[in-house]
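Start from chain A and add chain B according to the hints.
Protein chains in written order, with this note's numbering: chain A, 2 to 604; chain B, 2 to 604.
It is worth saying that the hints were derived from the structure and are not from the lab. Source: prediction; values computed, not measured. Be aware that one or more of the hints could be misleading.
All copies of an identical chain are treated as equivalent in the list; a pair is satisfied when it fits inside any one copy or across any two copies.
To be verified - Cross-link-like lysine to any residue pairs, in silico, SDA-like; alpha carbons within 20 Å at most:
#1 336 / 174
#2 474 / 497
#3 226 / 287
#4 336 / 171
#5 470 / 501
#6 226 / 334
#7 509 / 461
#8 456 / 295
#9 336 / 222
#10 226 / 327
#11 486 / 475
#12 179 / 337
#13 226 / 331
#14 509 / 327
#15 179 / 326
#16 486 / 584
#17 179 / 340
#18 226 / 336
#19 336 / 594
#20 509 / 585
#21 226 / 326
#22 179 / 287
What follows is each chain in one-letter form.
2 protein chains.
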Amino acid sequence: MPDYQAPLRDLRFVMDEMLDYPSHYARIGKGDDASPDIVGAILEEGGRFAREVLLPLNRSGDHEGCHLEGGEVRTPKGFKQAYAHYVEGGWPGLSSDPDHGGQGLPASLGMALSEMICSSNLAWGMYPGLSHGAADALHQHGSDEQKATYLTKLVEGIWTGTMCLTEPHCGTDLGLIKTRATPDGEGAYRITGTKIFISAGEHDLAENIVHLVLAKLPDAPEGSKGISLFVVPKFLPDAEGNPGERNGVTCGSLEHKMGIHANATCVMNFDEATGFLVGAPNKGLACMFTMMNVARIGVGVQGLGLMEASFQNSLAYARDRLQMRALSGPRAPDKPADPIIVHPDVRRMLLTQKALAEGGRMLVMYAAQLVDITEHGSDAAERERAETLLSLLTPIVKAFLTELGFEATNEGMQIFGGHGFVQEWGMEQFVRDARITRLYEGTTGIQALDLLGRKVLMSQGETLKMFTKEIHKFCQAEADNAELKAFIEPLARLNGEWGELTMAIGMKAMQDREEVGAASVDYLLYSGYVTLAYLWARAARVSAQALASNDGESAFYRAKLDTARFYFQRLLPRTRGHVEMIRAGGASLMALSAEDFGLGFEI
Amino acid sequence: MPDYQAPLRDLRFVMDEMLDYPSHYARIGKGDDASPDIVGAILEEGGRFAREVLLPLNRSGDHEGCHLEGGEVRTPKGFKQAYAHYVEGGWPGLSSDPDHGGQGLPASLGMALSEMICSSNLAWGMYPGLSHGAADALHQHGSDEQKATYLTKLVEGIWTGTMCLTEPHCGTDLGLIKTRATPDGEGAYRITGTKIFISAGEHDLAENIVHLVLAKLPDAPEGSKGISLFVVPKFLPDAEGNPGERNGVTCGSLEHKMGIHANATCVMNFDEATGFLVGAPNKGLACMFTMMNVARIGVGVQGLGLMEASFQNSLAYARDRLQMRALSGPRAPDKPADPIIVHPDVRRMLLTQKALAEGGRMLVMYAAQLVDITEHGSDAAERERAETLLSLLTPIVKAFLTELGFEATNEGMQIFGGHGFVQEWGMEQFVRDARITRLYEGTTGIQALDLLGRKVLMSQGETLKMFTKEIHKFCQAEADNAELKAFIEPLARLNGEWGELTMAIGMKAMQDREEVGAASVDYLLYSGYVTLAYLWARAARVSAQALASNDGESAFYRAKLDTARFYFQRLLPRTRGHVEMIRAGGASLMALSAEDFGLGFEI
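Only chain A is shown next, with the shape it has when bound in the complex (with noise of 0.2 Å):
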């Protein structure tokens, strides 16, 4: 059975010496809320949840399921004691508006937590996890009387949320949405419709759970711009604002699925449900997308919290694990064989992993940096342009830390031989977890779409350019340290490239729309690999440094300056092949006719 311990050393090193998170706090005025004591005390009790409270359901919980019984979800057993354990702990308000039940300190600090998380438990995280964007777009969109009826007790985590997008004919093309709303006459509406792959739906953590439901007006304008977004209670509050009636939205089945099996995901029949309209009529797609953000950032955190969990545990069975001698010779010469953690190409599955978390690490916690300063930086041109690099970085953070995410996990099932594919180890169910993540949120094609069409191409490569120019300044400021050498000058030529290929790109879709799409996934994957040579530059920089003033952590620092080479050697050759692609450009994609892809078994 798998361990996990919260990296809390790396955390520290990431969050106090790489991105001086102290500082930090203190700008966006949280420092005396989110002070080192504090932050450090948090860490570290949220490590110890995640390792005694949830960590011992990972397994179990996959392999019981969740099981409809007369409309009603159960859980795994322990689900619902340690959802309980959480919310009388407070977890659940940890960085929401003190006006509303919540403690205030900064979404970075959530985001940390919630790493370890699902780091330990992927498919219960999701229950509580889901609660946050429909807090948040209650919170941004929802009337006064709204937050006062469901904002609290979603943020205290009495009740849950839900959002309800997806319908069997429609994920991507929320503009074919069937569910209807219709006017009760009394201000508010009927819904009905049925909405599929619904996490926590349903299930019996929470006595009530509040679904962030899209549904058409009767008059709505066709497509994308007709949508609206209702909040539609389980049960109706009553007058004191506890669950009343029971209202006619209701789990009709749950998916089998490879992964998240201890996760509720549910097909909702919503039937002329009460619901109340959120934010202003037709405008619920953008409603939506303050959550589906929030929600975005939160998947790639997904991926990190698995590489990060299937590291740990094959580097535990590579020092264990005795099968060969070394190519050089015996290693552990008293030992029947040596641990297998002497083999270069285990050392590069490691590797991989390590690199790609602690990456993931350092890019997970530089864009809570930047949520952070959208939520609260005093400076609204401050706020403006963390909103823009937020925007940029968000489908970077999603598809490439799940796409990565997915590898590394599959790397940690490696390691372990055939002992990899077999369930009572975990890995495989690490691999299998981690699978939604490039699915869900929106796929890589479609987080692809998102960073190459929308945010870099519309912009005129703007928003592109907000984040090379960081990369350039840092670039340059190291430019005559000769320690990091081997990390800028490869930064700073790719750095370069990543502008020109955007430029060339631009020019190509100008001609011809289709080339955006032909050139999207490997662009997103580029950008990723870029992204994270620049935050790998940077923990190199810090750890020179380090070891320089000669602080003690020697061995510390000398790991991550040797992670860092790793990165550069070993990973980053990667955007040679990606470089290739983009320029050969898409008329190979889209010479074969739909009916000819299949003439090779098609009689």
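Coordinates of chain B only, in the frame set by chain A:
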């Protein structure tokens, strides 16, 4: 539920048009047995069996799994009947020696059929699949008496076989095995020990199971030079050769696995079981390699089969599923949205599957000709050449087609969006089933060491040169073919680079043996991409010729050329990353000490 059609047209292209199987069969003296008509009829009938008998049991078998009850394994519903059907049809001995009940058709034909079985039901296919290796080992190394007793039964499929190698503490490192064989004084041995991961170790499909078991004699030398091979039947044959007394070998438990649920993966306990020595004492590993080489190519075919199955179903979905409009404007304006096959990134995923499945088929059937020649070639020099080339290609077939098979099945799942994660669609089963192929019969890492260390470097590059010379000749012959320029030029360049890269690694390895392991997996993948480029270039040549001669089916040949172009433009550039990573060497892999890997989380 997935559908499947045997790719008969594509097989005809590969076998008849590209690799000239009719002449090949004539040359190895099988022209009459394996005439084009007979081959066509067998493939068609095999495709029907796969589709009508095996395919309907694939999802249900995955869902039901195997059950161990009172020491007996119950396979999923329908498996036993399907196996009886298979035996009645005379399929098991298709390419076996007629002296032992086989039909004497070439091995290549069996491999083409094997692809279909793997596409339709991998877990089922493993039951008869394991018998081939066991039969081969007995055929080559067994005594006349052993052949008389076991071989015909295996060939006819009345009994099935296993390979019992792995033990709890060792898989790759078979020198560590603990299973003991003690002479019983009457010419037989008492076998005692525990074997794990024994596919088809126990089941209800056949009346007897013939285990081929690695064990150590009392006086055996240490390590891999002290391993002997034994045949250990589940039931000891009586005087008439029918199953008699129950032998001391039992199934202790079944593994719970990520995939291939319908195949029984057994812990086998040997408790003073009666066994008979196969071949010479202490030469068991060499005998076992007979089985393993066959099995390794067989696993590559599994990767191929799963790619094809996934591709066919994702293609159907991509044509059917309506979502979003094409970036360049509506393609199906009469429908609410366009079928997703209009989107370039969906096409990229489909073409990746198509190019890898069709290219993989070329590789398998190319290797299959070599297998035929090693078995039936009339000329000793030709046989030796085929053996050498096959030894080079075996790890590529195994590891490249399974690594890429996993990728391709994941692409298929990705095309389904969130639905891909739902079991009912069957796409995630292809992924789970494909995952084991990267692990068993030697992980990708082990195949890579075999390729680079044993096959390439140990022969001073001579083995590789045999193949690159063939590619070089092809490139020279087509150097003036303007139509093929886009294929021949990059292929010739890569072919030259392959040799240089090998030389560079060889030089480094002379200084430090660890450089072999550091380069190995990147080298294997690089080799796979170049090998497939060679075969795709040959396919392009055949297709261009067919189009020029205007014999009809122009859509088929144009599709081949389009797919070849896609392969060269959008997959082959991956070699760029691998070259850079190989050239970077192993320093960044070896720097970190085993202790320092975990400093981010270990307290």
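Okay, the hints, checked on the actual structure:
Taking CA atoms no more than 20 Å apart as the test, residue 336 paired with residue 174 passes between copies only; the shortest distance there is 13 Å, against 59 Å inside one copy. For a Cα distance limit of 20 Å, the shortest separation of residue 474 from residue 497 inside one copy, 12 Å, qualifies, whereas the shortest one across copies, 41 Å, does not. When the C-alpha separation of residue 226 and residue 287 is checked against a cutoff of 20 Å, the pair qualifies only within one copy, where the shortest distance is 10 Å, while the shortest distance between copies is 70 Å. In this assembly of identical chains, the alpha carbons of residue 336 and residue 171 lie at most 20 Å apart only when taken from different copies (14 Å versus 58 Å within one copy).
For the identical chains of this complex, residue 470 and residue 501 are intra-copy neighbours only, at 14 Å inside a copy versus 39 Å across copies, given an alpha-carbon limit of 20 Å. With identical chains, the CA atoms of residue 226 and residue 334 are at most 20 Å apart between copies only, with a shortest distance of 19 Å across copies and 70 Å within one. In this assembly of identical chains, residue 509 and residue 461 lie within 20 Å of each other by CA distance solely inside one copy; the values are 13 Å within and 47 Å between copies. In this assembly of identical chains, residue 456 and residue 295 lie within 20 Å of each other by CA distance solely inside one copy; the values are 16 Å within and 52 Å between copies.
In the homo-oligomer, the alpha carbons of residue 336 and residue 222 lie at most 20 Å apart only across protomers (18 Å), although the nearest pairing inside one protomer, at 74 Å, exceeds that limit. Only between protomers do residue 226 and residue 327 lie at most 20 Å apart by alpha-carbon distance; the minimum there is 19 Å, versus 63 Å within a single protomer. In this homomeric assembly, residue 486 and residue 475 come within 20 Å of each other (Cα to Cα) only inside a single copy, at 13 Å, whereas the closest approach across copies is 44 Å. Taking CA atoms no more than 20 Å apart as the test, residue 179 paired with residue 337 passes between copies only; the shortest distance there is 12 Å, against 65 Å inside one copy.
Taking CA atoms no more than 20 Å apart as the test, residue 226 paired with residue 331 passes between copies only; the shortest distance there is 18 Å, against 68 Å inside one copy. Taking the shortest alpha-carbon separations for residue 509 and residue 327, only the inter-copy value of 17 Å comes in at or below 20 Å, while the best intra-copy value is 51 Å. Only between protomers do residue 179 and residue 326 lie at most 20 Å apart by alpha-carbon distance; the minimum there is 18 Å, versus 63 Å within a single protomer. Proximity of residue 486 to residue 584 under the C-alpha cut-off of 20 Å is restricted to the inter-copy arrangement: shortest distance 18 Å between copies versus 28 Å within a copy.
Only between protomers do residue 179 and residue 340 lie at most 20 Å apart by alpha-carbon distance; the minimum there is 19 Å, versus 58 Å within a single protomer. In this homomeric assembly, residue 226 and residue 336 come within 20 Å of each other (Cα to Cα) only across copies, at 19 Å, whereas the closest approach inside a single copy is 69 Å. In this assembly of identical chains, residue 336 and residue 594 lie within 20 Å of each other by CA distance solely across copies; the values are 19 Å between and 61 Å within a copy. Taking identical chains as interchangeable, the C-alpha atoms of residue 509 and residue 585 lie at most 20 Å apart only when both belong to the same chain, with a minimum of 11 Å there against 34 Å between chains.
In this homomeric assembly, residue 226 and residue 326 come within 20 Å of each other (Cα to Cα) only across copies, at 15 Å, whereas the closest approach inside a single copy is 65 Å. For the identical chains of this complex, residue 179 and residue 287 are intra-copy neighbours only, at 18 Å inside a copy versus 65 Å across copies, given an alpha-carbon limit of 20 Å.
No hint from the list above goes unmet by this structure.
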